[in-house]
Amino acid sequence: MYSEKVLDHFKNPRNVGELKDADAEGTVGNPVCGDMMTMYIKVKDDRIEDVKFKTFGCGAAIATSSMTTELAKGKTLDEAMKITRADVAEALDGLPPVKMHCSNLAADALHEAIKSYKEKSTKK
Amino acid sequence: MSLKVYMDNGAGRPVDPRVLDAMKPYFTEHYGNPASFHSEGFKALEALKMARGGVAELIDGDPSEIVFTSGATEASNLALLGAAQRSRKKGGKVVRSAVEHISVINICKELSREGFEIAECPVDETGVLLLGELEKLVDDDTVLVSVIAANGEIGTLQPVKEAAELAHSHGALFHTDATAAAGQILLDVKELGVDLMTLSSNDVYGPKGVGALYIGRGVRVKPHMIGGGQENGLRSGTENVPGVVGMGEAARLAKQEMDAESTRLTALRDRLIEGALAANPESYLNGHPTKRLPNNANIRFSYVEGESLVLSLDELGVQVSTGSACAAKTLEPSHTLLACGLKHEEAHGSLVFTLGKNNNRDQVEYVIKELPGVVGRLRAMSPLTPEELR
Numbered sequence: 001m002y003s004e005k006v007l008d009h010f011k012n013p014r015n016v017g018e019l020k021d022a023d024a025e026g027t028v029g030n031p032v033c034g035d036m037m038t039m040y041i042k043v044k045d046d047r048i049e050d051v052k053f054k055t056f057g058c059g060a061a062i063a064t065s066s067m068t069t070e071l072a073k074g075k076t077l078d079e080a081m082k083i084t085r086a087d088v089a090e091a092l093d094g095l096p097p098v099k100m101h102c103s104n105l106a107a108d109a110l111h112e113a114i115k116s117y118k119e120k121s122t123k124k
Numbered sequence: 001m002s003l004k005v006y007m008d009n010g011a012g013r014p015v016d017p018r019v020l021d022a023m024k025p026y027f028t029e030h031y032g033n034p035a036s037f038h039s040e041g042f043k044a045l046e047a048l049k050m051a052r053g054g055v056a057e058l059i060d061g062d063p064s065e066i067v068f069t070s071g072a073t074e075a076s077n078l079a080l081l082g083a084a085q086r087s088r089k090k091g092g093k094v095v096r097s098a099v100e101h102i103s104v105i106n107i108c109k110e111l112s113r114e115g116f117e118i119a120e121c122p123v124d125e126t127g128v129l130l131l132g133e134l135e136k137l138v139d140d141d142t143v144l145v146s147v148i149a150a151n152g153e154i155g156t157l158q159p160v161k162e163a164a165e166l167a168h169s170h171g172a173l174f175h176t177d178a179t180a181a182a183g184q185i186l187l188d189v190k191e192l193g194v195d196l197m198t199l200s201s202n203d204v205y206g207p208k209g210v211g212a213l214y215i216g217r218g219v220r221v222k223p224h225m226i227g228g229g230q231e232n233g234l235r236s237g238t239e240n241v242p243g244v245v246g247m248g249e250a251a252r253l254a255k256q257e258m259d260a261e262s263t264r265l266t267a268l269r270d271r272l273i274e275g276a277l278a279a280n281p282e283s284y285l286n287g288h289p290t291k292r293l294p295n296n297a298n299i300r301f302s303y304v305e306g307e308s309l310v311l312s313l314d315e316l317g318v319q320v321s322t323g324s325a326c327a328a329k330t331l332e333p334s335h336t337l338l339a340c341g342l343k344h345e346e347a348h349g350s351l352v353f354t355l356g357k358n359n360n361r362d363q364v365e366y367v368i369k370e371l372p373g374v375v376g377r378l379r380a381m382s383p384l385t386p387e388e389l390r
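Top line first, the protein sequences correspond to chains A and B. First residue of the first sequence: 1, per our numbering; consecutive thereafter. First residue of the second sequence: 1, per our numbering; consecutive thereafter.
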């Protein structure tokens with residue numbers, strides 16, 4: 001039911017873990033629904049220099065988190081804000097319909113992290 | 001992947017080779033219709049009779065009380081819809097347990113749309129029906145009570161006999177879904193006092209697509225499959241002779257081998273539960289420690305989600321199920337686990353191991369050995385995992 005790419009990202013997730021010196025982080029979902037993820041970003045010259053994730057959830061939740069970090073790395077903050085859930089699903093060669101909403105939250109977590117970073121920067 | 005450790009026998013089982021051998025002639029040699037008045041028809045009719053005897057023997061019923069169906073779901077449809085509709089004049093209430101199979105729950109929803117009042121009887125935290133609550137729910141308006149013999153997901157055995165007595169004391173019929181229990185524990189319909197019992201062929205190593213409903217003598221149900229009047233007018237349609245022969249043979253073997261096989265499986269089950277709990281911190285047994293099906297182990301791992309566990313174990317050649325919403329069509333966690341009082345987040349991390357003839361001690365040890373790595377990898381990824389477990 002999952003594409004090869006989804007299974008690959010589930011088995012060998014890219015950029016998994018915590019970023020100790022992250023500039024910002026964003027968390028979406030909750031354990032009650034069965035999916036929860038946190039994205040950590042490190043920003044340099046308005047670009048995402050490094051990004052990592054931690055995810056509780058199904059195969060799709062882990063794979064979309066992993067793919068989102070790959071799509072986001074090296075992008076400017078504005079470019080990264082434009083990454084959509086659909087982009088992530090497409091990059092994984094699609095997701096089962098039932099997984100499109102509940103498990104495809106990684107882009108939202110990334111956006112939350114970027115918003116948090118911007119809020120922090122304007123306060124400075 | 002060389003190793004295959006299939007521990008999802010509650011979802012699907014292999015057909016016993018002896019069963020397959022018994023079925024084969026009815027595909028290519030004896031293909032007559034049991035309704036025909038010639039030697040080939042008689043052969044098919046005789047085969048049906050033998051099969052009915054095999055199923056009746058498994059539950060100590062009479063062959064005349066067995067109706068073959070296309071599976072457990074159809075049997076439960078005939079039992080619940082058929083009995084409730086037939087008893088409409090007597091009353092309008094149906095009582096079921098909170099841990100019925102989804103098919104029975106949805107059939108009850110259909111009855112509710114037809115105007116029946118449906119009452120759900122709760123269970124304790126191990127999944128055992130609360131008889132005191134059942135007593136409060138069953139009244140003189142109740143026409144039918146349905147309590148599963150054992151829930152296939154958590155394995156908890158139910159007080160079927162006591163529940164049946166309660167139903168009868170108010171003049172209600174009693175149905176039990178014995179899909180998961182048949183072939184594993186002794187089911188004597190007379191001793192238990194059940195009026196209707198759902199059975200599945202595949203769950204006793206027969207072919208899929210066949211099931212049976214036990215309908216006690218004198219119990220009336222309204223048929224839903226209308227046609228040529230086969231199966232005493234209760235289930236029309238030319239009989240699936242090879243399938244029915246398979247179920248009959250499977251039931252006969254199940255009866256013969258049940259004692260030895262259940263003893264063997266109980267030992268494997270207990271080793272799996274003990275080994276898995278010992279090897280993984282913050283893991284817990286779902287269901288009852290002893291009042292459970294010989295083949296069922298349901299274990300919950302905190303901070304991880306079940307579908308991820310299933311996918312990871314599959315990579316290692318181990319096939320199991322989960323009670324997590326994330327692997328379900330409905331996106332709701334298992335109603336059975338929620339009925340036992342688990343929180344949504346707890347229900348998500350549950351794994352269901354259903355053992356069978358195809359499993360042995362080496363396989364159980366392999367699973368125990370591999371689980372910590374699988375659970376540990378996912379816990380390391382999870383934002384919920386406390387520091388000391390990472």
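Hint data in this document are derived by calculation from the structure and do not stem from the laboratory. Mixed in with the good hints, there may be bad ones.
[What the hints assert, rightly or not] Pairs of lysine-lysine, BS3-like flavour, derived with a Cα cap of 25 Å: (1) 5(A) - 4(B); (2) 369(B) - 49(B); (3) 44(A) - 11(A); (4) 89(B) - 109(B); (5) 115(A) - 42(A); (6) 11(A) - 118(A); (7) 90(B) - 161(B); (8) 11(A) - 4(B); (9) 11(A) - 369(B).
Here is how each hint holds up against the structure:
1. Distance hint between residue 5(A) and residue 4(B) is fulfilled; the C-alpha atoms sit about 24 Å from each other, no more than 25 Å.
2. Simply put, residue 369(B) and residue 49(B) have alpha-carbon atoms about 48 Å apart, too far for the 25 Å limit, and the pair is violated.
3. Distance check on the hinted pair: residue 44(A) and residue 11(A) sit about 30 Å apart at the alpha-carbon level, beyond 25 Å; violated.
4. For the hint pairing residue 89(B) with residue 109(B), the CA-to-CA distance comes to about 20 Å; that is within 25 Å, so the pair holds.
5. Restraint check for residue 115(A) and residue 42(A): satisfied, since their Cα atoms lie roughly 13 Å apart, inside the 25 Å limit.
6. Of the supplied pair hints, the one linking residue 11(A) and residue 118(A) is violated, its CA atoms being roughly 33 Å apart against a limit of 25 Å.
7. Of the supplied pair hints, the one linking residue 90(B) and residue 161(B) holds, its CA atoms being roughly 23 Å apart against a limit of 25 Å.
8. Restraint check: the Cα-Cα separation between residue 11(A) and residue 4(B) comes to about 19 Å, which is no more than 25 Å; the hinted pair holds.
9. Among the hinted pairs, residue 11(A) with residue 369(B) is consistent with the structure: their alpha-carbon atoms are about 19 Å apart, no more than 25 Å.
Comparing the model with each numbered hint stated earlier shows that hints 2, 3, 6 do not hold.
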